[in-house]
Amino acid sequence: MQARTKARRGIRGALLGAALTAALLLSSCSAGAGPQSTDPDSLTVALTGEPVNLDFTTTAGAAIPQALMSNVYQGLVAVDQTGAIKPLLATSWETNQANTSYTFTLVAGATFSNGAAFDAQDVKFSIERVKSDAWLNGLKSKMDVVKNVVVNSPTSVTVNLSRPSQAWLYSMTTLVGAMFDASGVADLANTPVGTGPYTLSSWARGDSISLTARPDYWGTAPSIKNVKLRYFADAIATTNALSTGDVDVIYNMQAPELLSTFSTNPDYQVLEGTSNGEIILSMNNKVAPFDDKRVRQAVLYAIDRQAVRDTAWNGLGTLVGAPVPPTDPYYEDLNSLYPFNPAKAKALLKDADAENVKITFTVPTRPYASAVAEIVQSQLRDVGIDAKITSAEFPAVWLDTVFNKHNYQMSVVLAVEARDVLTMFNNPDYYIGYDNSKISAEAAAADAGDTTSYIAGMKNVVRTIADDAPVDTLFIFPNISVAKAGITGLGANSVTEALNLSTIAWS
Amino acid sequence: MLLRLGSNLARFVLSLCVATIAVFAMMRVLPGDPAVIAAGENASPQIVASLAHQFGTDRPLVVQYWDWFSGLWRGDFGISYVTRTDISPLVADKVQVSLILVTLAMALALAIAIPAGTIAAVRHNKPSGTLISALSQLGIAIPGFLLGIVLVSFFALRLGWLPANGWVAPVEGFSSFLSRLVLPVMALAGVQSAILVRYVRSAVLGIMHEDYLRTARAKGLSPLRALAKHGLRNAAIPVLTVTSVQFSALIIGAVVIERVFVIPGLGSMLLAAVGNRDLLTVQSVVMVLVAITLIVNLLVDMLYTILDPRIRAA
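These protein sequence lines map, in sequence, to chains A and B.
For what it's worth, the UniProt record's numbering labels the leading residue of the first sequence as 1, then goes sequentially.
For what it's worth, the UniProt record's numbering labels the leading residue of the second sequence as 1, then goes sequentially.
Source of the hints: derived by calculation from the structure; they are not laboratory data.
Among the hints, a few may not be true.
To be verified - Sample of chain B residues facing chain A (criterion: CB under 7 angstroms; computed from the structure):
no. : residue
1   : 28
2   : 29
3   : 32
4   : 37
5   : 39
6   : 42
7   : 47
8   : 51
9   : 52
10  : 53
11  : 156
12  : 163
13  : 166
14  : 262
15  : 268
Using N, Cα and C, we set each Cβ at its ideal position, and we do this for glycine too.
Please build the complete structure, drawing on both the sequences and the hints.
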């Protein structure tokens, strides 16, 4: 009996000890935790998808330009939040009568972060470098149209094109137009050198990239001196970090269902902007059954795009009806072309002798794709298309099988490249396999014309493509950001590949 | 004893060599080409070929293997063609993070499981013993990430006592380092202790009716004291085995917890490297894991001989 009492006392003592230790541990640690006080010079931004390295000249993907363009690297020209082209390192530019040569006047006094002065030689070096073997990024083809670059003076440079091109100037606002210094390209993967307001201060791989404002920046100094870009693999972790004050902004949020916590709280602001990304339900135009225009049209009639967007992405995103985002100059609302009409879809399928057809639907492993896939599958089933979903790891397996080998019937992907309608449809070898014979001449003529005829011509091209129904543009991906209420200057729209940090400030 | 150590070491080296071949071969079977990923959409076959040449992935497999293998013995994992940085310091960094996390979690799990399991065994036919067993069943049923989310929403979001996630190296701020460690360690340890409680319980139950314990009780020792003095050493062997297996599994298995708590550990690094088909980094991380597992096994083997003289004699 005595032994048992002792044992019981011992157990009680042990439990008490454990509880005390736990309490002590918790109380000692809580001192350093909790929301951090706001430092007007610092900002922490939560992002998804960390860059693998910092060299976009040899590595594709959205993460590198998102962190570095506008902030570390700049081009001669840039686009504003409405998608209009504005001066940056070039104060102005003129074109010749035939629109085949652009003469840029450069800003005076701009320097690179390594101290070197920026001048016309750097423009020549940077553009010629894109065309050389040093650049190994698929986007380099945007510079194919350049014939040569002539340095007129340290602040004036002329770029001659092999044919007139409206699209080229826009490309100069993207990463292919980034300006490099000849002595600063030795280790681009780790040491980026640009003319931008920020420079890389440190990179804790797997965690965060820190940028510091340059004291010798040529333009208006940014309000925030130290920016930390923190990378999260999990959307819930980003909202937790914002709630506890560890981050100040969640940019380009990938989980709209988590927004409700913030949209009703006055301590936060929710920004819903548009982006260049189209959620494309792609069909392989070169294989059955989608080599038949009627079957593709049936798919467009069968899918209720509004229901897809409302179910998959909480009703956020823009319905457009064609693969052109609203911020593109040749955008027009084409939602009325293929309204939701299952009866018409069934009739078209019957006409094409494709009733009860079975297809494979290759879905990349991305949140938007899995969100969209099942509702698309069920709507297709309603008109008699039996779509079997198979998953493909993104990017590795998807790029290999769907994109390169064209080994697919239907897929869904977020096409993020800006103004990519001709990339997707003016190339019969592209994975969509659209027969471009109807549009190639008109697209070339539009590109060669002045701004007005470019826009009119491109609108025609887009209408022709939309009529052929090579893909179904489900919706334009929204750019959702959540920020603490005191933050100003964060662009709602994501019309460039960059997250421009220099305009952000604490009010 | 020396012979045992020698044969263990020989087995260690041989296992590592076999592992290099297995890991290298598996990575080459995986679909997806690093050059295709790096070149991105819209890339011409020429660009992909140039990248493959730059990466060295167009060389014969034997050459690629030998290049990697010969570096391994110098502790040099090489330079990743995807990240363009030296792999060794990066892996060393992440190993540190994972080892801190997992060692603390296992220590806490053992600190909970040994007394709880012993009590559950000693009082196996009493309500308190049954309660511990039931709780351990529940603990096993709850996935670690769910426990993590619950802990975050309570301690970080509701009470605001602790940060929700993130990692701060000890040198950057020790109190911040500790405060960010509490919840992930609790989440990992919660599940592990539930698993270990069952093993401790059955190990203690197994020895409770041994003759030597009855003799100890007959000499006047209380049940717990008799167990502590004569029983636990015997019960420790199966528990040690399970602990070592769990420890090795957790180094990578913690990746889910790493995701919930945004901790840049070895698991997260491996996952990212597989996604980018950063073959050299994947190979290196897996080799480090193989080495850790083998070292843990070696240590456990040595511990057996300390714990049980019979093994020493054999």
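Now the hints, each set against the structure:
| no. | hint | in the structure |
| --- | --- | --- |
| 1 | 28 | 14 angstroms, violated |
| 2 | 29 | 13 angstroms, violated |
| 3 | 32 | 3 angstroms, holds |
| 4 | 37 | 5 angstroms, holds |
| 5 | 39 | 6 angstroms, holds |
| 6 | 42 | 4 angstroms, holds |
| 7 | 47 | 5 angstroms, holds |
| 8 | 51 | 5 angstroms, holds |
| 9 | 52 | 10 angstroms, violated |
| 10 | 53 | 10 angstroms, violated |
| 11 | 156 | 5 angstroms, holds |
| 12 | 163 | 5 angstroms, holds |
| 13 | 166 | 6 angstroms, holds |
| 14 | 262 | 5 angstroms, holds |
| 15 | 268 | 6 angstroms, holds |
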